[in-house]
Structure formats: structure tokens, C-alpha cells
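**Student:** Chain by chain, the residues:
2 protein chains.
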Amino acid sequence: MYDAAIIGAGPAGLSAALNLKLHNKNIIWFGNPALSDKVQKSEKIANYPGFGMVGGQTLNEAFRKQIQEQGLELTDRMVTSIMASRQGFMLLADNEIFEAKTVLFATGSVSAKGLPNEQALLGHGVSYCATCDGFLYAGKSIAVYCAAKRYEHEVEYLAGIAEQVHLYCTYQDCGIELPNVIRLQSPIKAVCGEDRVSGILLADGTEIPVDGAFFLRNAVAPATLLKNLELEGPHIRVNRQAETNVPGCFAAGDCTGRPYQIAKAVGEGNVAAHSIVAYLSELDKK
Amino acid sequence: MYDAAIIGAGPAGLSAALNLKLHNKNIIWFGNPALSDKVQKSEKIANYPGFGMVGGQTLNEAFRKQIQEQGLELTDRMVTSIMASRQGFMLLADNEIFEAKTVLFATGSVSAKGLPNEQALLGHGVSYCATCDGFLYAGKSIAVYCAAKRYEHEVEYLAGIAEQVHLYCTYQDCGIELPNVIRLQSPIKAVCGEDRVSGILLADGTEIPVDGAFFLRNAVAPATLLKNLELEGPHIRVNRQAETNVPGCFAAGDCTGRPYQIAKAVGEGNVAAHSIVAYLSELDKK
Numbered sequence: 001m002y003d004a005a006i007i008g009a010g011p012a013g014l015s016a017a018l019n020l021k022l023h024n025k026n027i028i029w030f031g032n033p034a035l036s037d038k039v040q041k042s043e044k045i046a047n048y049p050g051f052g053m054v055g056g057q058t059l060n061e062a063f064r065k066q067i068q069e070q071g072l073e074l075t076d077r078m079v080t081s082i083m084a085s086r087q088g089f090m091l092l093a094d095n096e097i098f099e100a101k102t103v104l105f106a107t108g109s110v111s112a113k114g115l116p117n118e119q120a121l122l123g124h125g126v127s128y129c130a131t132c133d134g135f136l137y138a139g140k141s142i143a144v145y146c147a148a149k150r151y152e153h154e155v156e157y158l159a160g161i162a163e164q165v166h167l168y169c170t171y172q173d174c175g176i177e178l179p180n181v182i183r184l185q186s187p188i189k190a191v192c193g194e195d196r197v198s199g200i201l202l203a204d205g206t207e208i209p210v211d212g213a214f215f216l217r218n219a220v221a222p223a224t225l226l227k228n229l230e231l232e233g234p235h236i237r238v239n240r241q242a243e244t245n246v247p248g249c250f251a252a253g254d255c256t257g258r259p260y261q262i263a264k265a266v267g268e269g270n271v272a273a274h275s276i277v278a279y280l281s282e283l284d285k286k
Numbered sequence: 001m002y003d004a005a006i007i008g009a010g011p012a013g014l015s016a017a018l019n020l021k022l023h024n025k026n027i028i029w030f031g032n033p034a035l036s037d038k039v040q041k042s043e044k045i046a047n048y049p050g051f052g053m054v055g056g057q058t059l060n061e062a063f064r065k066q067i068q069e070q071g072l073e074l075t076d077r078m079v080t081s082i083m084a085s086r087q088g089f090m091l092l093a094d095n096e097i098f099e100a101k102t103v104l105f106a107t108g109s110v111s112a113k114g115l116p117n118e119q120a121l122l123g124h125g126v127s128y129c130a131t132c133d134g135f136l137y138a139g140k141s142i143a144v145y146c147a148a149k150r151y152e153h154e155v156e157y158l159a160g161i162a163e164q165v166h167l168y169c170t171y172q173d174c175g176i177e178l179p180n181v182i183r184l185q186s187p188i189k190a191v192c193g194e195d196r197v198s199g200i201l202l203a204d205g206t207e208i209p210v211d212g213a214f215f216l217r218n219a220v221a222p223a224t225l226l227k228n229l230e231l232e233g234p235h236i237r238v239n240r241q242a243e244t245n246v247p248g249c250f251a252a253g254d255c256t257g258r259p260y261q262i263a264k265a266v267g268e269g270n271v272a273a274h275s276i277v278a279y280l281s282e283l284d285k286k
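Sequence lines, in order, name chains A and B. Using the working numbering, the letters of the first sequence map in sequence onto residues 1 to 286. Using the working numbering, the letters of the second sequence map in sequence onto residues 1 to 286.
Since the hints were made in silico from the structure, they are not lab data. Among these hints, one or two may not hold up.
Unchecked claim - The list that follows gives simulated cross-link-like pairs (lysine to aspartate or glutamate, EDC-like), each with its CA atoms no further than 20 angstroms apart:
#1 B:K44 with A:E69
#2 A:K44 with B:E43
#3 B:K21 with A:E43
#4 A:K21 with B:E43
Unchecked claim - To be clear about the criterion: a stretch of chain B counts as covered by chain A if any three or more of its residues have a C-beta under 8 angstroms from a C-beta of chain A, and this derived list gives those stretches:
#5 3–15
#6 38–51
#7 118–130
#8 145–158
#9 164–176
#10 253–261
Every residue, glycine too, gets a C-beta built ideally from N, C-alpha and C.
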């Protein structure tokens, strides 16, 4: 069992990972080895102390170097579900189970809530994993929300199974051109259906009937991942110790609220790591 | 009137200053241009994201370069008193008054409380300013608490006035050797006296009778500076927005509590700056 599972490879996750490593904790760190897309795409950062007017690429490069030097490792899997028990947490990532005594959400500014109805219909037509659930939709119509270029092969995989794919990409240069893929121009606003997915609602008001909806993004909305996690608007509610309402579960960085800033994220990641160390030491005494 | 007065030149103060500057706020930043002594003396820092295994001197050098590049300026004066009013704050620094709409404490890990009795006897034998109050002690006996080499000329100045000086230095290589200066081996633990200073109590239990006590340190304890500031143990109580209980007064970094870490400090400095910007914008609407 791991001491801690960190979800997210942005500045908050990095800051926590560095500190947990210094405390000799055994961690599993889920995230994209290319690190934060948001940092990468920042043209100029003027307010991260120590780096005067730095480009996001340069800063991410410094982060990657530090990860390597400290012997840290990123696990490039998407966590799709978490269960809390007395013993700790079970995390499901690409159909494999990982166990950890604590969990840290460092999932970025993506809404912690997910889209309306997304959480309710998870497992009933809503899926986060093309490889896991794609086969269910042979000959059917699905919607796919794709949040990064690196998920395009999963879209192609789904298009190879489903009859028709309604695709919404959150980024500019989507490279998918397939006869059965229809590109949506308006963002997906909600999932429709009572007991299972019946369609998707777009921001422009149109409803498109589909049998399933895949959300391919860097991170699953935390409140969807872990039941009973308390939110505050679109953010995870934490106290000054980075503790959430779920014992053993912590959060840091953009997912806890504004300001969405690198300095704030590394600060909270640091605090969260220290709180995790304290929590683990209490666990040991029990 | 300044938009904000920042007290402290460590990572928290720097992070706030960078952000307030980006928001075009008119600030006065009190602190030592050599920046944080604590950072400077850190042999190796392994957990500040972006800098892999960096020495404190190198990091401070990067901070100083950034300060220069961003056109920020440090005012090397010690703030010795703050008054809050409806209009904002009046800060007394080396006998000059500065006005600011908001105040940020980024005063480091020095206890926010001061020594027992220090606050009660301020102005009644306790002083923070050799130049201001030294003349009162001609021919008398005083105690001096000296927290940094750069205050040694003030100790010499006091020794030129007082009959006898009981000196406690918090650092190793104190360079003062004068016939009327007695070096204390045990730290000063408390100030004695009811209506005015009658002596000092050392950690080893001895009480030394003196007529006055000078505390020469980088920062005056915040609760001594500003009346009614709420503490939590030795720290300033803040919420997640870095707000103290006094409207318009914020705090960030080590002075708000553990972990005493650079990453945590820059995070809180960033949050505080954003809260100050929001507060100023509300002020403008009034």
C-alpha cells in the first residue's frame, strides 16, 4: 500500500511530491509526464518568485529536470474512481487498482463537479475510459468530449466501434477527420437522461440523442471520483491545512479555488504534503 | 497614500510585491535589501519547485535579480508602530510616517507575540529604535537584544550613551567588544516591571535590573505593531484568503504558521496580493 496517491502533475502535485519524497514516503503520482498543459502554454510568467519573466515551457522544463534529479516518477494513467474505506483508499486507474493511505487531489482548474448529470450517470452511459467501455457501443451513437490532443487515439478507437461519434474538442487543432465523426461546434453543457444516458445538451441549446458519452480529459472531476467530497462552488473545500472533509483526503492548487497561480499551487502542495506526513504519523500510532 | 505597505523581504513579501506590481498598485515595501537571512543561510533547498537542490544564496540572488528587473524597491527602515483608522493605516518607520490603504505582514517566523511583557512596556522602557530613544538612557543601565550583525552600530551608539549595556546577540560572530558592554550567555526570556521596565529575565533564571530594554531585530512582533491583531499561538490568525481579523490587514508566510517553507510563503504572498487587489477595488466603490 502506498503512503500517498497524488493525482495531477501540475505545480501543486510536484510541490507535494518533492516534499513527500524528502520525508521518505512511498508515493504513487498519477499524471501526464509532460506536466501541466496550462503552464506549458503560458507565454510569460512574471510572478513566480525566483524566475524573472520566464516562459511556461522553460519552467516546465525546469520542473521535469527536478523530477528526474529527485528520482520521482509519474504514472501516466487516468484515475477513474476512488473508494474510501477505514484502511485507506482504493484507486481505479485504467482498470487496475492501487491502494494508498492518503489521496491528494491536485487536479487543476477543471471544475471539481463535472457537468450536470455526469456524476449521476457514471456507469450508466457516462464513461471516462475508451478502452474499458468502448466495446459496449458497437453500432451505437455516442458523444465524446476530448480535452487534449493526446486522447485523439482513443477517439479514433471509439470511432472504430461506434456507428456515429459526436465529438467536441476543447482545443484548437483537432486532427480527427473520419467519416462517422461529427464535430460539434458548441460545447457540451450537460448529460441528459434519467436512469441512463439519452443524449447530450449543447451550450447553444440543441439536444443530441446518444447512447453513451465519453469524457476524455486529464483528470476526472474530483467529486465524481470520490463520493461525499465537499465542494464550494466548482472547487474542493479545504481548510488551511489542505484537508478536505474526507479524512486522509487532501487537495491543493487550482482545484481548491482562486487565485489560479503557480505560486499559490506550490504553496498548497507543500502544505498538503506536510499535512499528509502528520496524518500518516497519527495513523502509525493507532 | 500607498495602496499597500508590505512588511518583510522574505519569499512571502516578494511574492506579494511581484503581484501587486503586476496589478499596478502603488506599494511601499519595508525590508532588508539583502532579503531573508533565513533563505540566505539555507545550505541546500530541495523542495522549491523549479530549483533542483539550490543553495539559499543562489536563490536569494535570483530573488534580488527579479526585484531589480521588475523595478521593485525595498525601503530599509524598521516599522515600529501601526495605527489603523477608517482611512487606512499609518505606519511609523524610523520616526517617519507612511500611509497605506492596506498592510501585509510578511514578517517571518519570529514570534508574532514578542517576549512576555514586551508589548505592555513598549514606550515605558521597551524600545525598538536606538536613534529615537537612546538619549533617554544617558548614564543608565540597559539591556539590548540584537538579532543581526547589521544592528551592531546601533548597539555601539547605545553603548556610547548608557553607563552599562547588557547585550544578547542571537547570532554567532558578534563583533562588539567595548568596556561597558557585558555579553549575556543566556537568552532574554522576558521583560520585568509593572508600569515600566525594571529588569530582564534570562532563560537561565537570573534577573538583571535595567532601566530600559532595546530590541533590535528585523521586524517588530506584529501584535506589538498593530493593536487588536488576533493571534493563534505565536502566529497571526488568517483565513484562506490571507485576511487577518483587522480589515485591510493581511498576513503571509512563516508569520501565519507552519510549515515554515519557501513554497508555502510564496503561495500565501500570492494569495494575499490577490486579496489586497480585491479589497482595494471594493474600497474604490465606496
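**Student:** Could you tell me which of the hints above the structure violates, numbers in ascending order?
**Tutor:** The structure conflicts with hints 2, 7, 8, 9, although it agrees with all the remaining ones.
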